[in-house]
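2 protein chains.
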Amino acid sequence: MGASKTDHFTEEQNTLAILAKAVGHPARVAIIQYLLSVETCICGDIVNVLPLAQPTVSQHLKELKNAGIIKGNIEGNAICYCLNEEAVELLHQFFANVSSKISSKTKSCC
Amino acid sequence: MGASKTDHFTEEQNTLAILAKAVGHPARVAIIQYLLSVETCICGDIVNVLPLAQPTVSQHLKELKNAGIIKGNIEGNAICYCLNEEAVELLHQFFANVSSKISSKTKSCC
DNA sequence: TATTAATATCGTAATATTGCAATATTAGAA
DNA sequence: TTCTAATATTGCAATATTACGATATTAATA
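So the sequences go chain by chain: A and B. Each residue of the first sequence is one higher than the one before, starting from 0 at the first, in numbering that gives the first Met the number 0. Each residue of the second sequence is one higher than the one before, starting from 0 at the first, in numbering that gives the first Met the number 0.
Keep in mind that the hints were calculated from the coordinates and are not lab data. This one's a predicted model, so the numbers in the text were calculated from it and none came from an experiment. Misleading hints may appear alongside valid ones.
Repeated chains share a single entry, so a pair holds when one copy, or any two copies, can fit it.
Said to hold, decoys possible - Cut-off 25 Å, straight-line C-alpha distance, at most; resulting in silico cross-link-like pairs (BS3-like, lysine-lysine):
#, residue 1, residue 2
1, Lys64, Lys104
2, Lys100, Lys64
3, Lys104, Lys61
4, Lys70, Lys100
5, Lys70, Lys104
I would like the entire structure built from these sequences, with the hints used as guidance.
Right, dumping it as structure tokens:
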């Protein structure tokens, strides 16, 4: 096989997995960090910032977009990419929740 | 190819990517949620909770462990798995940071 | 010691991901 | 309209992931 049985899991589990998976590559982490570092979202130079060929970067951007992590608008000759606050917030909330629940555990373990 | 060029990225980018990737599957999100839901970390019944065969669950646990998301101790006949607070905290911090930086952007875009 | 229960490992098939060269597309500039 | 720059798409090879049956391991129990 190889395909994951998404229908056996909850909507929330699938959504979180899709978002986390999209972040699960160093190039895509780098893209996210770069988008954060620039003031506006008009960033026609993502390709020059990454140590990867242009088609590869384009593919990573596509995956981030498909997952909903970034949004992309055509801005004349260039493309304007920026982070999707809602998606990031979902991940933020999830990990904040996990984090707080771990530390509030009464019984210590492992 | 297929292998990612981890050496071209920063340590932080690689670490975050490894952690996020481990969370990037609904079964592993479910495992994390289940580990959170039980009081102690002695959980010999993860297999019964997931809609997957035992070897598959074992494999997912191994991946979570390899990435550092969970820790596992042998507890007699069963295995005691629990979340690794430090790893979760790293992800939490990252998304908290991304989230806060997005909302503080002066120029709106997209 | 034999049995049982819990978990891991092996082997393998199906599919997905990663990366890039070549090529296409698209919009502005000359 | 032709050229150029920016980005996307296609095609393909290498590798990784996912899933599970079969089997191994390991420790408690009868």
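Exercise for the section: Classify it for me, Lys64 with Lys104: is the Cα-Cα distance of at most 25 Å met within a copy, between copies, both or neither? Expected result: between (37 Å within a copy, 20 Å between copies)
Exercise for the section: Tell me, please, which holds for Lys70 and Lys100 at an alpha-carbon limit of 25 Å: within, between, both or neither? Expected result: between (32 Å within a copy, 16 Å between copies)
Handout entry: 25 Å Cα threshold - placement of Lys104 relative to Lys70
Key = This pair counts as between: shortest inter-copy Cα distance 16 Å, intra-copy 38 Å.
Practice task
Please work out whether the CA atoms of Lys104 and Lys61 approach to 25 Å or closer within one copy, between two copies, in both situations, or in neither?
Solution key: between (40 Å within a copy, 23 Å between copies)
Practice task
Using 25 Å as the alpha carbon limit, work out where Lys100 and Lys64 are close: within a copy, between copies, both or neither.
Solution key: Between. Shortest inter-copy distance 19 Å satisfies the 25 Å Cα cut-off; intra-copy 31 Å does not.
Hint violations for this structure: none, all hints satisfied.
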